[in-house]
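First to last, the protein sequences are chains A and B. My numbering puts the first residue of the first sequence at 5, with every later residue one more than the last. My numbering puts the first residue of the second sequence at 1228, with every later residue one more than the last.
Any given hint could be a false lead.
What the simulated footprint calls covered on chain B by chain A, stretch by stretch (three residues with Cβ under 8 Å from a Cβ of chain A suffice, anywhere in the stretch; the number is not a length) [what the hints assert, rightly or not]:
#1 1282-1295
#2 1310-1321
#3 1534-1545
Read the hints as simulated data drawn from the structure, not as lab findings. For glycine and all other residues, C-beta sits at the position ideal for the given N, C-alpha and C.
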Amino acid sequence: MSMENTAKTNVTSKLEVIPGHAVNIPVFQLLKEDGTVHKGAKLPAIDKELALKMFSTMQFIRLLDERMFAAQRQGRISFYLSSLGEEAASIGSAAALAFEDMIMGQYREQGALAFRGFTVEQFMNQLFSNEKDLGKGRQMPVHYGCAALNFMTISSPLGTQIPQATGYAYGQKHSPANKDAEKTCTLVYFGEGAASEGDFHAGLNMAAVFKVPVIFFCRNNGYAISTPASEQFAGDGIAPRATGYGMKAIRVDGNDIFAVYAATQEARRIALEEGEPVLIEAMSYRMAGHSTSDDPTGYRTKEEEEKWRAKEPMIRFRNWLIAKGWITEAEADQQMAAHKEAVLAELKKAETVPAPHVDEIITDVYDTPSEQLQVQLDALKAHIRKYPDAYPATAKGVK
Amino acid sequence: MAKMNLLQAINSALDCAMAKNDKVSVFGEDVGHFGGVFRATSGLQEKYGKARCFNTPLVEQGIIGFANGLAAQGSFPVAEIQFGDYIFPAFDQIVNETAKFRYRSGNEFNVGGLTIRTPYGGGIHGGHYHSQSPEAYFAHTPGLKIVIPRNPYQAKGLLLSAIFDPNPVLFMEPKRLYRAAVGEVPEEEYTLPIGKAEVVKEGTDVTVVGWGAQVEVIEKAVELAEKDGVSAEIIDLRSILPWDAETVAKSVMKTGRLVISQEAPHTMAFGSEVAATIQEQCFLYLESPIMRASGLDTPYPLAHEKEYFSDHLKTYEAIKRSLNY
């Protein structure tokens, strides 16, 4: 059998039915909800500087999400998608990577991007689709991307990034530049809903077969828009699926930034030293709606939300930092106030930056615009000159 | 009769179909208790139970594969794909399975009970993943029917026809009009024919053809043309597979001119097929080349949505080009 099929096969004459919940993976946690450490638990080696950077990023994202959600409600941006309650999952994991590692996001990992160094101004330019947006105003708000920060541009269709991560990591593994000290891996984020897509299966299976250095990071936040995890899958979450692919898995408390950091650090070690993919399932809760387009009161209870509010990730990290003496209440509040000032200032600025020039409407479809696209652009510009009032965002630029 | 918007008309059609035949079921992502992200299936789970209106896991290829099986079993599944932009993981199931189920089995089996509902089109600040008009990909697939309604009355009558049509139907809903289009709609069941275009407005100088949300754009363009003294005939194709070449040809033989206005990218949009067929059938009647107003041959942009869109002004200009040729 082993010649044709690498699955281990022990022969038995006893009919045995394997139960559907044979694998039950515990949740790895270091920080308890009150911010104290489990007895005997070993915290990852995180120095004060790194800890404060992680905390500051967390506060920034909390503030950014709150302000931009409000900005959408005021009609200043068309759409927003908050990561409220899941900041530890994205920031803790990004912090455990090397800067050169590729990150492929789904669309709720602004924390990872901010940790990498995406500036407030860059966030705002994307959110306002203005001419300074790296994505040239082409995608809906929150579809960030930045080559300089090794953060792949986000795509709305769910799960498409999962097999792409496998391919990217395969390229990293076989790159001539992939020397011992400079080995890199790819970390790909997705939700427990996206894990139902066919691309999830394809991506994980291929990664296990090809033994590539990729970390599949599932944010299990309990909901895919209105659909609860209980209507998404019948098994014990996402992590046990790794077993079926012959892949290692870790389940971690996604609201515990130290546990997320430690889990990702170990996954990265396995990916690079052992040359194998790892699946991490971070257990969390989407405290906000899916986006500005839905109202969670239509599909879940206040009681459920309150239960999870007590487990939210920022308070426990803050409590730990204060107990450790690395930050004071006042300093934490001052930091938040500074973030607020920066966000408001950049928001105002980005709002007044013009839309991309109309010439950009045909660029990047190909490496250079085709003759046919150039003809279409010329006709469009002639049309805009004829009806400038109908196209106020670009009329000025075509005079 | 009741005043309904397009979503309410869809909801009413589903309600009528489910009341009429208990083998009709509706499902898709967030379709159950929540009633769908646009609320098209609102209240149906409460009324007909979880076995007939339910959430699926988040997997489009699974939704359509499941629907194919359910239809093959003799049911009338109405599967929702949340956005037309997300239909592509199901492309294999639709193109290779749904469309060929009857043909490949010599009619031993069929999935004629299947209806796939999906919102399409732009005008909602959705960028390229919430705005596409992918109807032409599917129009290249023998075995499918494709229906695209323009208003609430059409939506209900055509959806009821689609659900009980003995062939699989892709029913594409203009999401820009979901709440914007309001009109009188009968509360009871009624059907409208699939494969039959409708002359929305009669005219003598030029024929303007469209489907779905674009008909509203054409109406605005024709208002402008009328101020110039032009009499335009407007035709809503209503279904693009099969499509009613006869009605269009008859009109073009009368007016001598044809303009097609479409939202999708210009190259290989469905208007290309209309133009080719009409020049074959009406060559000697045409007084000017067939003109098209379309989206650009680029992905659907966000910041440049207005510039990209084949709006009423571009359609009006196409009418003028046709007349002044």
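Tell me, which hint numbers fail for this structure?
-> Structure breaks no hint.
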